[in-house]
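Please arrange chain W on chain D, whose structure you already have, making use of the hints.
Those protein sequences? They're chains D and W, same order as listed. Here the first sequence is numbered in full-length UniProt numbering, starting from 1 and rising by one per residue. Here the second sequence is numbered in full-length UniProt numbering, starting from 1 and rising by one per residue.
It should be emphasised that the hints constitute simulated quantities derived from the structure, not laboratory data. Keep in mind it's a predicted model, so treat the numbers as computed, not measured. Glycine included, each C-beta is placed from N, C-alpha and C at the ideal position. Mixed in with the good hints, there may be bad ones.
Said to hold, decoys possible - Computed, partial: chain D to chain W, Cβ under 10 Å:
| id | residue |
| --- | --- |
| 1 | 12 |
| 2 | 16 |
| 3 | 17 |
| 4 | 43 |
So you can see what is in the structure, the chains are spelled out below.
Protein chains: 2
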Amino acid sequence: MADHQRIWIAALIVIGDEILSGRTQDRNIAQIAAWLNVQGIRLREVRVVPDVTEAIVEAVNSLRVRNDYLFTTGGIGPTHDDITVDAIAAALGVGVVVHPEARAVLERYYETRGGLTEARLRMARVPEGASLIENRMSGAPGIRHGNIFIMAGVPHITAGMLDALTGTLEGGLPLLSATIGCWVAESEVADLLRAVEKAHGDCQIGSYPFFREGRTGANFVVRSTDRAALDACAGALTEALGAGGWIATQGGI
Amino acid sequence: MADHQRIWIAALIVIGDEILSGRTQDRNIAQIAAWLNVQGIRLREVRVVPDVTEAIVEAVNSLRVRNDYLFTTGGIGPTHDDITVDAIAAALGVGVVVHPEARAVLERYYETRGGLTEARLRMARVPEGASLIENRMSGAPGIRHGNIFIMAGVPHITAGMLDALTGTLEGGLPLLSATIGCWVAESEVADLLRAVEKAHGDCQIGSYPFFREGRTGANFVVRSTDRAALDACAGALTEALGAGGWIATQGGI
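If we strip away everything but chain D, and leave its shape as in the complex, we get:
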């Protein structure tokens, strides 16, 4: 029970020039955030860094110590711009080795796809001391080293790796949420939101305005790890908002 009250936190480093140039819309932040929450782990900070060794090393060493878990996405393919493994090994002060199991996985995968070339063998390289994360979508596995989880950049491959990790990480209570939608300008109910949050110490309330069908509205998201506290706060907020408010969704994020 004590462990369940502890808050487990994670950070994510998104590695890739294509995100920082605006060419590619990142999908891994939202995907990993939602998955972590189901594991009872909160994503606390994200950094997006370029394909530059020093930038990766700095981010890894800043974040791995102050978080329970550190995830990275991107830069684990076979080409010259895939430098994540080398950069993380440098950050950890360990060498880079070919993982025999990864080599075997790649040999099987490429048996009918032209064979395991030297470039493809790059994807079997890991920081010394690492274990593998199963890749259910394509050949090259993800990599775990201590509390660092090195994932693919392509979102559906990362999804398969997350699937393989599901239930294997120690976490606490998942963050629960209730979303209350309302046709109201958030500025009209700011005092009310503050008062309801203050009266329900175990809950946080986020306010997210929207514009639909020419009208102003907002979603108010109540978050808590305690189901009873969440229900009480969401109930109080719905009542305070009056006729305009409705429970829109109730779920895990």
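This is chain W only, laid out in the frame that chain D set:
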């Protein structure tokens, strides 16, 4: 000319629990990255932080000194979870004041929308010494303080603010790119990519695999600030790839 050869860099801090919970898919990273590039400024690093003062202060003070420009998105609305202005003022060691012009803007905007309440007046608060960024989409303006640009979280409002800033920031040469698509596994051409990049020192080549119509392919993105160097590198790469390669797009990112 000397100024055009300098590389101008920017960082972005995305502020908001809703991004870190996975509830909201961020759109501002890609939007701001692409806009910055047109201004001749490179987005060098992004951090996503929660609605927590200490986290915002740490990120602001880490990034504002080592970048030419620092952008933030999120947390400038009227509700209790909108703490960006106070956190940035704390990071800068200045007070928070009501900006008279922002107050006038909000008075006009809310004249026909129920009047300027105390909650709404929160959106006229700025770190002391700040100027305003026009908001062409809704009432509350963005804020500029030195090299820090404080923008909205809602993407279409941020888009309007970026539009108002277009052409006002000093930058260098925009990064140009050419994308060469090819029905090839990137692992088959890794050596070729490395050799072409090495032979064209002013260019970087990124490799981005895709899976479409049941086939494996990749986009190779050549980036450079020099049009002639870019064309030469893209030409050499297309020739090296042979029949399978084609120029897919040529543009700014």
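We went through each hint and held it up to the structure:
For the restraint placing residue 12 of chain D at the interface with chain W, the shortest Cβ-Cβ distance is roughly 8 Å, inside the 10 Å limit, so the hint holds. A hinted interface residue such as residue 16 of chain D counts as satisfied when its beta carbon comes closer than 10 Å to some beta carbon of chain W; here the least separation is about 8 Å, so the hint holds. With its C-beta approaching chain W no nearer than about 6 Å, residue 17 of chain D sits inside the 10 Å limit, and its interface hint holds. Hint on residue 43 of chain D holds. Least Cβ distance to chain W is approximately 5 Å, under the 10 Å limit.
In summary, this structure violates none of the numbered hints.
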